[in-house]
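Could you put the whole structure together from the sequences, leaning on the hints where they help?
Protein chains in written order, with our numbering: chain E, 1 to 248; chain F, 1001 to 1256.
It is possible that some hints are incorrect.
[As the list claims (entries may be wrong)] Below, a list of computed lysine-lysine pairs in the DSSO-like style, where the Cα atoms sit at most 30 Å apart: (1) E:Lys78 with F:Lys1223; (2) E:Lys14 with F:Lys1223; (3) E:Lys104 with E:Lys207; (4) E:Lys104 with F:Lys1045; (5) E:Lys207 with E:Lys185; (6) E:Lys246 with F:Lys1223; (7) F:Lys1175 with E:Lys104; (8) E:Lys45 with E:Lys78; (9) E:Lys78 with F:Lys1045.
[Stated by the list, open to error] Computed spacing ranges between beta-carbons, pair by pair: (10) E:Ile171 with F:Leu1005: 54 to 60 Å; (11) F:Gly1020 with E:Val222: 46 to 52 Å; (12) E:Asp64 with F:Tyr1032: 35 to 41 Å; (13) F:Arg1231 with E:Val222: 43 to 49 Å; (14) F:Lys1223 with E:Ala57: 49 to 55 Å; (15) F:Ala1027 with E:Ser10: 24 to 30 Å; (16) F:Lys1039 with E:Lys226: 46 to 52 Å; (17) E:Ile217 with F:Ile1242: 34 to 40 Å; (18) E:Val76 with F:Lys1045: 25 to 31 Å.
[Claimed, not checked] A short, non-exhaustive set of chain E residues, derived as facing chain F with CB atoms under 8 Å: (19) Ile48; (20) Lys52; (21) Phe59; (22) Phe80; (23) Met82; (24) Gly86; (25) Glu105; (26) His106; (27) Arg124.
Hints listed in this document are in silico derivations from the structure and should not be mistaken for laboratory results. None of the values given here were measured: they were computed from a predicted structure. All C-beta atoms, glycine included, are put in the ideal place defined by N, C-alpha and C.
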Amino acid sequence: MIKIVNLRKSFGEKKVLDGVNLDIERGKITVIIGRSGEGKSVLIKHIIGLLKPDEGAIFLEDQDLTSLRDRDFNEVRKRFGMLFQGAALFDSMTVADNVGFPLKEHTDLHDEDIRKIVTEKLNRVGLVNVEEMMPSDLSGGMKKRVGLARAIVMDPEIVLFDEPTTGLDPIMSDSIADLVLDTQKALKTTYILITHDIPFTYKIADKIAMLHEGRIIEEGSVEEMKANPNPILRQFLEGRAEGPIKVF
Amino acid sequence: MRRQLESIGRFSEDFVSAAGQMTIMLASAFVYAFTPPIKFRNIFKQMEFVGVQSLFVVILTGSFTGMVLALQSFNALKRFGAESLVGPTVALSMARELGPVLTGLMVTGRAGSAMATELGTMRVTEQIDALFAMAVNPIKYLVVPRVLAGVLMFPILTIVTDFVGVIGGYAVGVKLLGINPGVYIGRTIDFVQVDDIMTGLTKSLVFGLITSLVACYNGFYAKGGAEGVGRAATSSVVMGSIMILISDYLMSSFTV
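Here's what the structure looks like:
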């Protein structure tokens, strides 16, 4: 569904993406793993057009997204939903206004209809009677759930997740994993996640790709990755300080 | 020597880059202001924030400025036996200069810093990126209502400042210093022309544009967490105030 071809991006002297190639299948969960600062967020921001690459292309079906003008990209963005690392909820709005925001901006639905959809999506992510709460009143896990409800409120074809379990305890991370699986199964949506949470990755991924030094060095199913002998991949999956990846 | 040249070069580069980004932001805001759908609710909300919520501060500033102007001009004019000119002195100073400039500076401190802080917080917590991701143009959604509110509300606030300034001047001139009320009002009407008031209002419109644009620019491009947000708020007040004073001189030099 999405094909990333030879994507390169530098910030000043620092090469962040150095020829990324990756295929993302429709209706599957693809998880991109890698150390902090390896450019995972940069990669995901390219997919949704928040950043422009120095070189390379990103094809959504046959359309090269990198060649689109901002106004045309907005039409493409309506096919996407995104859950940000800190959920990025609008702190001046209630939970209901946050979740209903894309509907209000892009549809002609009446307020009552928007309200019904918002409640349904909040229920889907396991939240009840939170509509009138403000984001500042929510825990980290609840914020992520509200963020996910907002990301899926327009029934997008593709949902991007930027570190969905960062800052959460292991139990809450596991519940987010269940939520990812449940919503993906129900909606048959293409999910692209970036994370360095390995148990979470093993639980949800149809495909794992590892980003290292600006490139995808290995990709495959959970079983294939578990059996892969690449020492860099092994060190990362096993969470060891010793190995070819230098910590400092 | 080399280090000094480098820092001059860096400053010039930053200045040109900021001027360029601000110009692009202004041009985009202008285009999006006329691109449907126009969300009047957001515009009214910002007008309430910039205008209604600044009323107290401009009434306070305007009235005390008018009062002190009356005191000082009385002190100077009585040396020439021209106490009757206190009224027009206060009114002309307020209408042409002090009304728009003081309103501009006070509202920059109150609303400009708040705008920069709000947008800066939205930037560092990825709320602006979230708008992009939801196919909502942040310039149209965030910048246009604030710039329109600045341009529309600054002249109205200036009228309020001018009015309370003249009332303050009248109270001090007539009630405290004993100038004949008929002479005070008559002389003021004789000397103050509609053009004087329009000059001040034109200035205030420009100041409204400067304040809101500078605040939006600093907030929109804030980086570096809480410290960056603080820097954006400070820069919006400092940069906005300096630009108001410089543009005031330039506009005054064309209208004297």
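Hints, verified against the model:
1. E:Lys78 with F:Lys1223: holds, 27 Å
2. E:Lys14 with F:Lys1223: holds, 18 Å
3. E:Lys104 with E:Lys207: violated, 34 Å
4. E:Lys104 with F:Lys1045: Status holds; Cα separation ~17 Å.
5. E:Lys207 with E:Lys185: Between E:Lys207 and E:Lys185 the Cα gap is close to 15 Å, so the pair holds against 30 Å.
6. E:Lys246 with F:Lys1223: Holds, at about 29 Å.
7. F:Lys1175 with E:Lys104: With a Cα-Cα distance of about 57 Å, the restraint between F:Lys1175 and E:Lys104 is violated, given a limit of 30 Å.
8. E:Lys45 with E:Lys78: holds, 15 Å
9. E:Lys78 with F:Lys1045: holds, 27 Å
10. E:Ile171 with F:Leu1005: 54 to 60 Å: This hint holds: roughly 59 Å between Cβ atoms.
11. F:Gly1020 with E:Val222: 46 to 52 Å: Given a distance of about 49 Å, which is inside 46 to 52 Å, the answer is holds.
12. E:Asp64 with F:Tyr1032: 35 to 41 Å: violated, 26 Å
13. F:Arg1231 with E:Val222: 43 to 49 Å: 45 Å Cβ-Cβ, so the 43 to 49 Å window holds.
14. F:Lys1223 with E:Ala57: 49 to 55 Å: violated, 28 Å
15. F:Ala1027 with E:Ser10: 24 to 30 Å: holds, 28 Å
16. F:Lys1039 with E:Lys226: 46 to 52 Å: Roughly 51 Å apart at Cβ, these two residues keep to the hinted range, so it holds.
17. E:Ile217 with F:Ile1242: 34 to 40 Å: Between E:Ile217 and F:Ile1242, where Cβ atoms are some 52 Å apart, the hint is violated.
18. E:Val76 with F:Lys1045: 25 to 31 Å: At roughly 30 Å between Cβ atoms, F:Lys1045 and E:Val76 fall inside 25 to 31 Å, so the hint holds.
19. Ile48: Constraint on E:Ile48 satisfied, holds at 5 Å.
20. Lys52: Since chain F brings no Cβ nearer than about 12 Å to E:Lys52, farther than 8 Å, the hint is violated.
21. Phe59: violated, 19 Å
22. Phe80: holds, 7 Å
23. Met82: Given a least distance of 4 Å, the restraint on E:Met82 holds.
24. Gly86: Holds, because the Cβ-Cβ distance from E:Gly86 to chain F comes to roughly 6 Å (cut-off 8 Å).
25. Glu105: Holds: closest Cβ of chain F sits about 5 Å from E:Glu105, inside 8 Å.
26. His106: holds, 7 Å
27. Arg124: violated, 18 Å
Of the numbered hints listed earlier, those contradicted by the structure are 3, 7, 12, 14, 17, 20, 21, 27.
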